[in-house]
Each structure stands twice: as C-alpha cells, then as structure tokens.
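Engineer: Residues per chain are reported as follows:
Protein chains: 2
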Amino acid sequence: MRNYLIALDAMGGDFGPHISLLAAKKTLQKYPTLSLIIVGTREKIIPLLKQYDLLDHDRLSFVHAENVISMEDNPIYVLRHVSNSSMHTVLKMVADGDVDACVSAGNTGALMLLAKQALKTIPSVSRPALVSGLPNNCGGHTYLLDLGANLQCDSDTLFNFAVMGSVLCEKVEQVPKPTVALLNVGKENNKGSDIIKRSATLLGESNYINYVGFIEADELFSCKADVVVTDGFSGNVALKSYEGMGRVFLQQLDKAVNSSFYTKLLGKLLSPILKKQFKHLHPDMYNGASLIGLRGIVVKSHGSANEIAFSYAIEQAIKEIQWQIPNSISNRLEAVLSERDCLSHE
Amino acid sequence: MRNYLIALDAMGGDFGPHISLLAAKKTLQKYPTLSLIIVGTREKIIPLLKQYDLLDHDRLSFVHAENVISMEDNPIYVLRHVSNSSMHTVLKMVADGDVDACVSAGNTGALMLLAKQALKTIPSVSRPALVSGLPNNCGGHTYLLDLGANLQCDSDTLFNFAVMGSVLCEKVEQVPKPTVALLNVGKENNKGSDIIKRSATLLGESNYINYVGFIEADELFSCKADVVVTDGFSGNVALKSYEGMGRVFLQQLDKAVNSSFYTKLLGKLLSPILKKQFKHLHPDMYNGASLIGLRGIVVKSHGSANEIAFSYAIEQAIKEIQWQIPNSISNRLEAVLSERDCLSHE
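Here the protein sequences line up with chains H and R, keeping their order. Residue numbering for the first sequence follows this note's numbering, starting at 88 and increasing by one per position. Residue numbering for the second sequence follows this note's numbering, starting at 88 and increasing by one per position.
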C-alpha cells in the first residue's frame, strides 16, 4: 500500500470523539503506511489524544475546527448558516487535495449537502448516492444503493446508480461484470412504477451493465445480484428492516439461551460456533457507506458505530483510494453515456 | 361464535389446491359453527375432497369454477378478458351476500382489481389497501400498511390508511386507541418527502388518530407503534426484507448447529426452546393479509402458504366477520372526514 492520508471528522457519531480516536489507533497499527488527521474541537480532542497515548504519534496529526454539526441540525440550515465545523474542514481537505479521503460519522443529510458543495459531483451526476456493501448469504457483499441520500429518483438517476454501483463492486470486491438488479415488488415485467419499468429498459440496453432483472426485498442478499438499485427511501427501508430483524433475532436467541440454567449451559457451549456463523452479519462488519458520484472520496460511518465499526469505515476509504473510485466512476459514466448517445441515434 | 360462512378460492397459491383443503379441514375441526365453500375446477378438487375425506362433510360444500387465474397472469388482462374463475366466483359470493368473507392465495394484483370491481370501495376510499398484523417484539402485532396494493400514495391516501389500520388493530387486537406512526428515513420533522410531511400534519390534527410521529424501518416491530403507515412500495420492501433476513438467520442458525456432531447434539437439546422462542416470528403465524377499504371481507393468503399458514388466513377472515370490519371502517372514516371538514372551516 502506498502512503495514504485520510482525514477523520472526530465530532460526529452518537458516542463522542473517543470512538474515532480508538478506531484511528487500531487502523494505524494495521496499516503502517497510513497517516491520519483528526479534526475536531481542541478542548475535546487533546485530552483524549493524551489519554490514548496518541499525542506524539508520528502518523497522526490534529487540526482544530471551531464548530460541530449535531445529528439534530437541519442540513439546509447547516448549508446556509454554519461554517468552520469539523465536517466542513475534512471535506475542504479532500477538495483541496490535502488528503486522499475523509470519514465522518456525523449528520448524513448535512454530509451529503456539504460534500456536494465542497467537492462537486462528477459530470452527469446531479446528486451523490449513498451505497454500502452488505454481507450476503454467499460470504460476499451485495452493494445496495441508494441508502437514503435521494428519496425520489427518476430513471436516469437509477441508471447512474447502476453504473456507479457496478464500478464500486467490480473494483473493491474484484468481481468482473457484477450483476445488477432493480428492487421491485415482483419479478414480472408488468410490476412496479413507470420509473422502474423505464429504468429496466435503459439497463437492459446497455452493454456496460450486466442487468439481470427485478429482485424482491426478501432476496436482496441471496446473491442473485451483486448490485441492487433503488431509490433512497426504499433502500433505507430495506437496510434498516434487515438491521431491525437482525436485532430481533439476536434478542430472541439471547432470550432462548438465557431462559434457564440448562439452556444457558448449552448456549455457552454453542456460543463460539454461533458467534463465528453470525460474525459476517454483524452491523459492525459492514459499516462504512460511501458517498459516490463526487469528485473525491467521502465515507460515512454509522452514527452508532463503535471503534471496530468506525475502523471498517476507514478501511473502506483505503480501498476506495487504492482503486481511485471517483476517477473510475467518471470514466465509466463517460463511456456509458456516449454508448447511450449512439443508441439513441441509431 | 355465530354461524359463519366463508368461501375459499382453492386454485391460488404456489403448491396447488390441496393446501386450502387441508387448511379447510383443520379450521372446520377448530370452529364447530363455521361452514366453508370450496371453489375451484371440478377435475382438480373432487379427487382431493375424496382423498381427504371431505366429500360428505356437512359444513363443507363445493362450487365449480371454469377458469383459473395464474400467479403470472397480468392483472389488467385478467380484469378485461377473464371471467368465471375461482377468484371471480368467491368475490361474487361476498358481493351478493351469499358468504360472510372469502380467502384466496391467488395473484395479488388480480385479487385487488377484481375485488374492487366486484365489491366496490367504501365511500372516500379510492383503492383498497393490503394490511397485515406482523408479530412484534412485545408478543403482540404491529399492523403495517400498505403492503403493495398502492405503489404510490398521496397524503390523503396515507391518512385513510391510518384510519383503516387503526380500526382493524383496535377491533381485532382489542387495543384501545392504537398508536400510529408514519414510516420515514428519520425521526426528525424535516425528514422525508413533502407527501410524508403533509401526512404527518393531517394525522397530528385528527382526534381520531393516536399519531406518535415518524418511525424508521429498524424499529418497525419495536412496539413504538401499533399501526405503521407507508406507501405500497416501501411497505412491500419492509415486509419482504424482514422475511428475507429471518430466513438468512434461520439458515445461519441451522448451519451453526449442523457444523459438527458436537454442535448437532447441543442444537438438538436446545431445539425445543429455540422453536418456542421463534414460533411467533414464523411467517406461517402471520399469514393472512387483509384487503381493507372494500365493502366486504377479502383475505389474501401468501402464495407460498402451507396448510397451517392458510388456516391462519381463514382465522383472520373469521375475526373480521366478528368485528364487522368493513362497517366499522366505513363509520370511522365518515366521522374522521366530517371532523376534517370542521377543521378546515374553523
């Protein structure tokens, strides 16, 4: 790995800055050529850097930012009236080329708007999309987008999502010609809205997309598609439903195991094998949603991420730097759109 | 229980008519004052009635229907060009008052359109909604609607869903003043589309709705709301995501338990308690989605239902007859809409 430099917005997330500092420490140990810049308010960060023995780390530096954007702040208000926050600072570092990427666990809506303002989108992309590689049933990842950045989408936007998701999956997962499906309420051609039907036509026409048809939400992670495309409302609902059901199951399993001394004993004996089996489904393991379609790398960590989860988000940023995702997406989109121009002139 | 009469469309579902016949037999045993009419093609049904010893049952009769609507048939084609199917027949029986309700596991889109045509909607309802009471984390049910009958919905439609879902939950679950939430991508007031924001205002203004705000999909079954309202696309995605994740977890649990002789033994010992704990989450237990907003009772059984699941759908129909759901919904909607008229004239 070359020498990469990533800026961390340490002020986001539900549990305070110590999460990003612990994640930073862990990731620096794992990647000896990685350097990190921690951005946050001096009063909060300096004591923690001391506490975690990071003050004199030769690959970690600190930059002060005056303001903090809270999870409750209205993104449009932030865009218009707030400046000099930790989020503004990390995005400006990416925009100015001072760092290779940034990671934030802050307010998603604000990150979207500020990232678009600071970094600008790739030509032909109107708004960035939020995408994550979620663990599927075959031990790999299914890339789902959009996860909530674009609540309503037209067919061209869904088409662009398919292109961008394909590039990300192909590079990061090393899957040649990733299969792409559209999320719908049924598999038959007559199902879904006019927007979805038109998207299906566009995707079917392109040689750059390995389009395999509609997919229903119960098969999202059945490995029928490497990339699943939908609008941000449905994508968010699908992702959170999976997380919610996962939590319900783990709670029920816990209740069953803790219902008596006898089951506790059996559960204790089974526990290591259960942990191993469920490990790849744990939300920590797929933390790190990427904002793609921008002229720079921005990774969003889950607000409720712990240090393990936050360190996965940093690793996601490392992979995107390695594969130069913004450039790859830009080049692919250019090729795809010129193909569409040719098709429309035939 | 009074003497109820329910018509079963025996030709729907993925596994053939024997499912509905086995479910009929089971339900007749459980409810001694219930009578059923089996509707289907003579050639298929009569041999099965013989096989299951149902030919001379004094509370079961058979009605022949010439045609069958398949799961693949285009609903609009069916509406325009098909007649005399088993689905047509059961719906006509409800419309003519010959039976108290009907149950079908057939093509959902066709059932929607034919039911609307045959039964008509309640005043002020433009299209029926599909709703199901799903097992929640507190041992009760959360009513989610719409599950796919109305892909795009305006604020007035979502408001009507809230009223209809409240009535169903209040009556069937015996929950006084059920809490109602709107599914959204965040809990804050500024989240979501204009349609969702306007729906929130309408719901907040009504004294007939116990509106508690937005809910995210990971908390759908956390008991924060008795009724969750959303458009049919998102509702379908949420429901199927839950089902999909449930399946993934059960598969992983199975893999973990079957990974060695030792874990198999432990799993076998834990199995009864696990079965008990997970029983209420099993899809069989919440089969039976209701088409509400019609002037009659129509229950949709899942296409992949087995006989246990199908019998739950028949029981759902029984509860709706007991509580006269169509009348109750009609009366409540009238009251709510006259309240809204008053509010708009204040």
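A hint or two may mislead.
You can't tell identical chains apart in this list, so a pair holds if it fits in one copy or across any two.
Pairs of lysine to any residue, SDA-like flavour, derived with a Cα cap of 20 angstroms [what the hints assert, rightly or not]:
| hint | residue 1 | residue 2 |
| --- | --- | --- |
| 1 | 131 | 394 |
| 2 | 274 | 118 |
| 3 | 278 | 391 |
| 4 | 278 | 159 |
| 5 | 342 | 420 |
| 6 | 363 | 163 |
Since the hints were made in silico from the structure, they are not lab data.
Engineer: Against each hint, give a clear statement of whether it holds in the structure.
Structural biologist: How the hints compare with the structure:
1. 131 with 394: Within one copy only: 17 angstroms inside a chain, 61 angstroms across chains, cut-off 20 angstroms.
2. 274 with 118: Classified as neither: same-chain Cα gap 44 angstroms, cross-chain 38 angstroms, threshold 20 angstroms.
3. 278 with 391: between (36 angstroms within a copy, 19 angstroms between copies)
4. 278 with 159: Cα proximity of residue 278 and residue 159: across copies only (11 angstroms, versus 38 angstroms in one copy).
5. 342 with 420: Neither: 50 angstroms inside a copy, 41 angstroms across copies.
6. 363 with 163: neither (43 angstroms within a copy, 49 angstroms between copies)
The earlier numbered hints that this structure contradicts are 2, 5 and 6.
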